[in-house]
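Asks: Let's have the full structure, built from the sequences with the hints guiding it.
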Amino acid sequence: MRKKITIKDGCCDAEDENDLLNNHAGSETGITGSDVNLLEMIGHLFKYKKIIAAAVLLIMLAATVKVLLTPNVYQSRATILPSGQVDKLSQLKRLAGLGGSQAEGENSSELFPVILRSQLIRDAVLSKTYSFTHKDEKVTITLKDHLGLDNPDALRVQLRDMTSITTDNNGIIKLAATTTYPELSQAVVKEYLAQLENYNMHKRRSRAKENAAYLSRQLDNTKKDLALAEDRLEQFQLVNSDWATGADPTIIKELGRLQREVEVKSQTQLFLMQEHEIARLNIQRDIPIVRVLDEPSLPTLKSGPHRKIIVFLSGMIAFLSTAFVILLLEALGKKKRGPDKESYRYLHNSFSQAFPRTDKVINRIGRLAREKVNA
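Going by my numbering, the first residue of the sequence shown is number 13, and it counts up by one from there.
Hints are computed from structural coordinates only; laboratory data are not their basis.
Just so it is clear, CB atoms sit at the ideal spot from N, CA and C, and this is done for glycine as well.
Wrong hints could be hidden among the right ones.
[What the hints assert, rightly or not] Restraint ranges, calculated between C-beta atoms of paired labels, are given here: (1) 159 x 184: 51 to 59 Å; (2) 125 x 246: 57 to 65 Å; (3) 283 x 163: 54 to 62 Å.
[To be verified] Computed cross-link-like contacts, DSSO-like style, restricted to lysine-lysine with a CA-CA straight-line distance of at most 30 Å: (4) 202 x 147; (5) 314 x 150; (6) 78 x 147; (7) 202 x 186; (8) 314 x 78; (9) 156 x 202.
Replies: Structure representation (C-alpha cells):
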C-alpha cells in the first residue's frame with residue numbers, strides 16, 4: 013500500500029517510504045539493486061563461453077600432463093599398541109596440569125611419537141642403506157639418493173613430509189611412510205621401529221638402569237674391601253699361628269675385630285649381589301616394550317596421486333577463476349549514463365589505485381577478449 017509522504021519545507025514528495033529509503037541508501041553507496049543482476053551475469057558467461065571453455069580445457073590439459081608425469085606413490089603402515097601402566101588418577105593430574113607426567117610416563121609409550129620425530133631417529137633412518145627387490149630387480153638405495161638431496165636439513169624436512177606419526181585417544185600410535193617404491197616404504201617403517209627399539213634398549217635412561225649401575229659400582233668396591241679384609245685376617249693368622257694355645261687378650265681382640273670385618277664385608281657383598289640381580293630384572297620391566305600390532309605392510313595399491321580428482325578440481329578452479337575475471341572486467345568496463353556511470357567509474361578508479369599492475373593486466377585481457385568477440 014502506497015503512502016504519500018510530504019515534507020513540510022516543500023522540497024519534495026516521496027511515493028513510497030521504502031522507495032525513499034532505498035534511494036537514499038543507494039545515493040550514499042553509489043550501488044543500486046540493478047548493479048547486481050544474476051541474469052545479466054549469466055548472460056556475460058554465455059557471451060564469453062568460448063573463452064571460458066578454452067581456459068578450462070587448457071588448465072585441465074596442463075594438470076593432466078602434470079599428474080601423468082608424477083610417479084605413483086605407495087604408503088606402508090604399522091600400528092603400535094600403548095605400553096606401561098598409568099592409572100586414571102595420574103591421567104587426571106596431567107589433564108589438570110598438576111605435574112608428574114614425566115615421571116609417570118617414563119616406562120610407558122607416551123614418548124614414542126616424540127622419539128620417532130626426533131632428529132636422532134630421523135638421521136639414523138636417512139643414513140640407512142636399503143636393499144630390496146622391485147619387479148625382480150635388486151635395488152640398493154638410500155633416502156638421500158631417492159630424494160635427490162644433499163642438504164641435511166632439506167632431507168629431514170622431506171622425511172618429515174613423507175612420514176606420518178599419529179596417536180589416537182587410546183594411545184595407539186599409527187606410523188606410515190610414503191615413497192615411490194612399495195618395498196622402500198615398508199623398509200623405512202621397519203627401520204623406524206628398529207631405531208625406536210634400539211633407543212629404548214640402549215639409550216633411554218630409566219630409574220632401574222641407573223639403580224643397577226649404582227649397585228654394580230658399589231658391589232665392585234665391596235668386593236675389593238672384602239678381599240683386603242680377608243688378606244689382613246690371613247696375614248694376622250699366619251703371624252700369630254699359635255693364637256689358639258695363647259692367652260694374650262690383645263691378640264684375641266684383634267683377631268675378633270678382623271673376623272667381624274670380614275663377616276660384615278661378606279654380608280654386605282651378599283646383600284648387594286641380591287639387590288643387583290633384582291635391579292637387573294627391573295631394567296627389563298622398566299624399559300617400555302614396543303608392542304607392534306600391525307607389522308609394516310607391503311602396499312600393493314598406490315596411495316597417490318589421485319589423478320581424476322586433481323584434474324577435476326583444476327577444471328573447477330579454472331572455471332571459477334575465469335568467470336570471476338570476466339564478470340569483473342564487465343563490471344569495470346560497463347558504460348552507462350546517469351548516476352550508475354559515476355559508481356562504476358569510482359569502483360574502477362579505486363581498484364586501479366589499489367592494484368595498479370593487476371588493473372593493467374585486466375585491461376589488456378579485456379581488450380583482447382573484446383577484439384576476439386568483435387572479430
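Asks: All the hints need checking, so say for each whether the structure fits it.
Replies: Hint check results:
no.: 1; hint: 159 x 184: 51 to 59 Å; verdict: violated, 29 Å
no.: 2; hint: 125 x 246: 57 to 65 Å; verdict: holds, 60 Å
no.: 3; hint: 283 x 163: 54 to 62 Å; verdict: holds, 56 Å
no.: 4; hint: 202 x 147; verdict: holds, 20 Å
no.: 5; hint: 314 x 150; verdict: holds, 21 Å
no.: 6; hint: 78 x 147; verdict: holds, 25 Å
no.: 7; hint: 202 x 186; verdict: holds, 13 Å
no.: 8; hint: 314 x 78; verdict: holds, 17 Å
no.: 9; hint: 156 x 202; verdict: holds, 18 Å
In this structure, only the earlier hint numbered 1 is contradicted, and the remaining ones agree with it.
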